[in-house]
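K.L.:
The whole structure should be built from the sequences, with the hints applied where relevant.
Number of protein chains: 2
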Amino acid sequence: MAEERKNVIDPFGTSVISDYSHLFEEFGIQSISTVINKITRPGRYLRRGIDFAHRDFDKWLKKPEAAMSGIKPSGEFHLGSKMTAEELIYFQKEFGAKVYYCIADIEAFADNGISLEDGREFAVGNVADLMALGLDMDNAYIYRQSEELRVLRLAYLFGKRVTLNTLKGLYGPRELGLYNSALIQSGDILSPELDGLKNVLVPIGADQDPHIRLTRDLSQKFKEEYGFLEPACIIHKFFRALNGDSKMSKRDPSTYLLLSDSESVARKKVMSAMTGGRATWGEQQKLGGEADKCVIYELCKFHFTDDDKRLKEIHERCVGGKIPCGSCKKDVFDNEILPAMRSHQEKRAQSLEKARKIVDGKTT
Amino acid sequence: MAEERKNVIDPFGTSVISDYSHLFEEFGIQSISTVINKITRPGRYLRRGIDFAHRDFDKWLKKPEAAMSGIKPSGEFHLGSKMTAEELIYFQKEFGAKVYYCIADIEAFADNGISLEDGREFAVGNVADLMALGLDMDNAYIYRQSEELRVLRLAYLFGKRVTLNTLKGLYGPRELGLYNSALIQSGDILSPELDGLKNVLVPIGADQDPHIRLTRDLSQKFKEEYGFLEPACIIHKFFRALNGDSKMSKRDPSTYLLLSDSESVARKKVMSAMTGGRATWGEQQKLGGEADKCVIYELCKFHFTDDDKRLKEIHERCVGGKIPCGSCKKDVFDNEILPAMRSHQEKRAQSLEKARKIVDGKTT
Numbered sequence: 001m002a003e004e005r006k007n008v009i010d011p012f013g014t015s016v017i018s019d020y021s022h023l024f025e026e027f028g029i030q031s032i033s034t035v036i037n038k039i040t041r042p043g044r045y046l047r048r049g050i051d052f053a054h055r056d057f058d059k060w061l062k063k064p065e066a067a068m069s070g071i072k073p074s075g076e077f078h079l080g081s082k083m084t085a086e087e088l089i090y091f092q093k094e095f096g097a098k099v100y101y102c103i104a105d106i107e108a109f110a111d112n113g114i115s116l117e118d119g120r121e122f123a124v125g126n127v128a129d130l131m132a133l134g135l136d137m138d139n140a141y142i143y144r145q146s147e148e149l150r151v152l153r154l155a156y157l158f159g160k161r162v163t164l165n166t167l168k169g170l171y172g173p174r175e176l177g178l179y180n181s182a183l184i185q186s187g188d189i190l191s192p193e194l195d196g197l198k199n200v201l202v203p204i205g206a207d208q209d210p211h212i213r214l215t216r217d218l219s220q221k222f223k224e225e226y227g228f229l230e231p232a233c234i235i236h237k238f239f240r241a242l243n244g245d246s247k248m249s250k251r252d253p254s255t256y257l258l259l260s261d262s263e264s265v266a267r268k269k270v271m272s273a274m275t276g277g278r279a280t281w282g283e284q285q286k287l288g289g290e291a292d293k294c295v296i297y298e299l300c301k302f303h304f305t306d307d308d309k310r311l312k313e314i315h316e317r318c319v320g321g322k323i324p325c326g327s328c329k330k331d332v333f334d335n336e337i338l339p340a341m342r343s344h345q346e347k348r349a350q351s352l353e354k355a356r357k358i359v360d361g362k363t364t
Numbered sequence: 001m002a003e004e005r006k007n008v009i010d011p012f013g014t015s016v017i018s019d020y021s022h023l024f025e026e027f028g029i030q031s032i033s034t035v036i037n038k039i040t041r042p043g044r045y046l047r048r049g050i051d052f053a054h055r056d057f058d059k060w061l062k063k064p065e066a067a068m069s070g071i072k073p074s075g076e077f078h079l080g081s082k083m084t085a086e087e088l089i090y091f092q093k094e095f096g097a098k099v100y101y102c103i104a105d106i107e108a109f110a111d112n113g114i115s116l117e118d119g120r121e122f123a124v125g126n127v128a129d130l131m132a133l134g135l136d137m138d139n140a141y142i143y144r145q146s147e148e149l150r151v152l153r154l155a156y157l158f159g160k161r162v163t164l165n166t167l168k169g170l171y172g173p174r175e176l177g178l179y180n181s182a183l184i185q186s187g188d189i190l191s192p193e194l195d196g197l198k199n200v201l202v203p204i205g206a207d208q209d210p211h212i213r214l215t216r217d218l219s220q221k222f223k224e225e226y227g228f229l230e231p232a233c234i235i236h237k238f239f240r241a242l243n244g245d246s247k248m249s250k251r252d253p254s255t256y257l258l259l260s261d262s263e264s265v266a267r268k269k270v271m272s273a274m275t276g277g278r279a280t281w282g283e284q285q286k287l288g289g290e291a292d293k294c295v296i297y298e299l300c301k302f303h304f305t306d307d308d309k310r311l312k313e314i315h316e317r318c319v320g321g322k323i324p325c326g327s328c329k330k331d332v333f334d335n336e337i338l339p340a341m342r343s344h345q346e347k348r349a350q351s352l353e354k355a356r357k358i359v360d361g362k363t364t
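Residue numbers (the working numbering), protein chains in the order written: chain A, 1 to 364; chain B, 1 to 364.
Keep in mind that the hints are not guaranteed to be accurate.
For chains that are exact copies, the list does not tell them apart, and a pair is met inside one copy or across any two.
[Said to hold, decoys possible] Straight-line alpha carbon distances no greater than 30 Å define the calculated DSSO-like cross-link-like pairs of lysine-lysine that follow:
1. K59 / K330
2. K160 / K247
3. K221 / K160
4. K168 / K221
5. K312 / K168
6. K221 / K250
7. K330 / K62
8. K237 / K309
9. K268 / K357
10. K237 / K293
11. K38 / K322
12. K362 / K160
13. K354 / K286
14. K268 / K221
15. K237 / K62
16. K357 / K269
17. K250 / K293
18. K250 / K160
19. K330 / K354
Hints listed in this document are in silico derivations from the structure and should not be mistaken for laboratory results.
P.N.:
Structure below.
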């Protein structure tokens with residue numbers, strides 16, 4: 001079994017990727033570095049190397065029609081959901097791409113046993129988060145899988161031209177519900193093309209690459225009927241767990257920040273997060289902190305410090321041994337994280353009513 | 001592989017059942033004989049032992065709310081499609097059941113590669129046949145799978161609580177498209193229950209029994225969420241191929257009658273059909289014909305001679321050695337089959353326009 005799954009990156013599981021380099025060889029994704037200098041105003045994830053790879057992103061940039069992603073409505077937005085959402089918003093603002101956002105409630109049932117009703121409630125919060133982060137609803141389409149006939153239909157048709165062996169190769173040995181979730185996700189990704197927007201970009205974490213490979217393959221298998229182009233993707237690194245593990249664990253809330261966390265909960269999580277500090281303050285003054293190993297620095301770099309100059313200051317005071325971790329954490333929490341979370345939570349509260357209407361299909 | 005599939009009756013394949021008795025033991029279906037005398041006016045299939053078994057038909061008779069079946073839109077109505085249609089119409093007329101009829105266009109794609117567009121065209125003819133046979137459209141609901149969101153959604157949810165091993169046990173080793181077709185069919189069968197009609201009867205051929213077992217199982221696995229009752233079924237014997245084989249072959253049109261066959265084509269098929277005749281006319285006069293082995297007699301019994309007295313005459317002149325097969329065939333074709341086919345084709349032609357509207361969802 002272990003042998004068989006050697007090359008499987010598991011989007012449904014908890015597998016961890018600490019070394020991204022092998023992905024280039026094994027799966028034929030390309031480095032972002034050759035594309036990045038074609039972009040006038042690269043977003044935070046692009047200019048900081050967090051988006052590290054892509055497929056056909058260069059082609060997409062020539063005609064940036066649609067950007068597509070979604071969420072499994074199984075909880076509140078965490079920093080990973082925020083990352084994807086912000087990428088969509090960037091592509092919408094910077095390139096005028098229409099955003100498609102799927103509430104993957106059928107996958108939430110298949111994978112986590114969350115009922116469609118419960119999924120709908122989670123989705124209201126998720127969509128409010130998306131709006132609070134700045135999505136322009138006038139150039140977006142948000143839908144629940146369970147209500148999207150054309151996607152469900154397409155996914156059943158896909159089942160005709162993919163073998164169980166192929167799915168097993170991509171996802172490991174799974175049950176029907178999970179394999180179907182993958183096909184539905186392919187339908188989601190290709191659905192902008194049903195509206196005539198043939199150039200679709202999907203921002204993903206590296207663990208989601210099997211979905212993109214499957215979807216690109218299916219797009220070509222149904223090219224004759226639907227005229228699909230292969231969707232492009234841009235691939236970001238994971239944001240680590242607050243304790244420094246490679247991936248946060250849903251079972252342990254202290255490993256991740258939720259955008260909905262209260263000030264006291266968030267402060268506690270941040271103050272206990274792993275840093276790049278040395279054994280003693282004396283040693284740290286001498287050698288400097290290891291900012292690039294520090295989750296606090298990563299919080300700034302990925303999420304809360306958009307200003308490059310300010311990020312550089314935080315980095316320098318650390319590696320220069322000028323600030324103890326405790327003081328740095330407090331400063332980062334009070335001046336970077338807390339203001340952002342407060343502002344987000346306010347905007348989110350104001351968006352809830354409209355979000356409910358959108359989720360219920362009463363407006364889009 | 002052969003071992004593994006011992007108990008598989010294959011609804012997607014061409015397996016043949018010549019001995020029905022083992023089904024009672026293996027699959028726990030019940031004989032129709034104990035139920036039949038509770039029915040005041042049994043239909044042709046019931047009173048002639050063509051409907052030979054059931055599950056919960058007795059329960060259904062206490063509250064006969066809905067009768068459900070469908071067709072894979074892959075060609076014209078043959079005598080098998082006619083049989084199912086007439087059963088539905090009987091349950092509608094005699095018991096007031098609302099008829100649900102599914103155009104299984106997704107299955108036609110998964111199983112036969114027929115596009116949804118082509119399936120729609122076939123469906124127009126199929127629905128016209130159904131109307132010509134006497135379905136009361138005021139108490140019926142006809143839909144295409146590819147347009148029925150609630151069924152497609154339900155089938156994906158079903159995927160969560162059935163294993164690939166269970167499906168393999170029921171259907172043999174198949175690919176995803178076929179397994180999904182089975183789940184969609186379960187959704188079809190349970191869809192009347194979504195309308196509050198909890199007592200559903202499905203008339204089936206014995207090869208379709210795996211679908212019923214799967215559906216009954218799923219109904220109980222989703223009982224908490226949907227309050228499903230187990231659907232009932234009534235099981236008919238196959239009508240044989242015209243050459244006497246146990247099952248007609250789609251690859252060889254001379255083995256079956258289509259309701260749309262021209263007079264000359266139909267006559268040719270009937271005149272070449274297998275009879276229960278003896279080696280010589282002399283022998284036949286002495287021993288009598290074997291009516292119960294004769295496809296011509298079966299055509300009368302199953303399909304074209306509703307009058308029991310007339311059927312008895314046809315049987316007696318045969319077993320009494322009073323008529324050569326050639327003359328009998330001619331008589332049966334001219335006086336039983338041809339008038340019925342002509343009348344059907346006229347009614348069908350008049351129904352086509354309305355059928356198209358129904359298939360296109362413009363009226364139901």
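K.L.:
Decide, hint by hint, whether the structure agrees.
P.N.:
Structure-based check of all given hints:
1. K59 / K330: Classified as neither: same-chain Cα gap 44 Å, cross-chain 71 Å, threshold 30 Å.
2. K160 / K247: between (35 Å within a copy, 26 Å between copies)
3. K221 / K160: Result: close both inside a copy and across copies, 10 Å intra and 27 Å inter.
4. K168 / K221: both (18 Å within a copy, 26 Å between copies)
5. K312 / K168: Neither: 45 Å inside a chain and 59 Å across chains, both beyond 30 Å.
6. K221 / K250: between (36 Å within a copy, 28 Å between copies)
7. K330 / K62: neither (44 Å within a copy, 73 Å between copies)
8. K237 / K309: within (22 Å within a copy, 81 Å between copies)
9. K268 / K357: neither (35 Å within a copy, 64 Å between copies)
10. K237 / K293: Only inside one copy: K237 and K293 sit 14 Å apart there, 73 Å across copies, limit 30 Å.
11. K38 / K322: neither (37 Å within a copy, 94 Å between copies)
12. K362 / K160: Close across copies (29 Å), not inside one copy (34 Å); limit 30 Å.
13. K354 / K286: neither (54 Å within a copy, 88 Å between copies)
14. K268 / K221: Classified as neither; 51 Å inside a copy, 43 Å across copies.
15. K237 / K62: Answer is within: at 25 Å inside a copy they meet the 30 Å cutoff, but 62 Å across does not.
16. K357 / K269: Result: close neither inside a copy nor across copies, 33 Å intra and 62 Å inter.
17. K250 / K293: within (22 Å within a copy, 68 Å between copies)
18. K250 / K160: between (35 Å within a copy, 21 Å between copies)
19. K330 / K354: neither (35 Å within a copy, 74 Å between copies)
Going down the numbered hints, you'll see the structure goes against 1, 5, 7, 9, 11, 13, 14, 16, 19, while the others check out.
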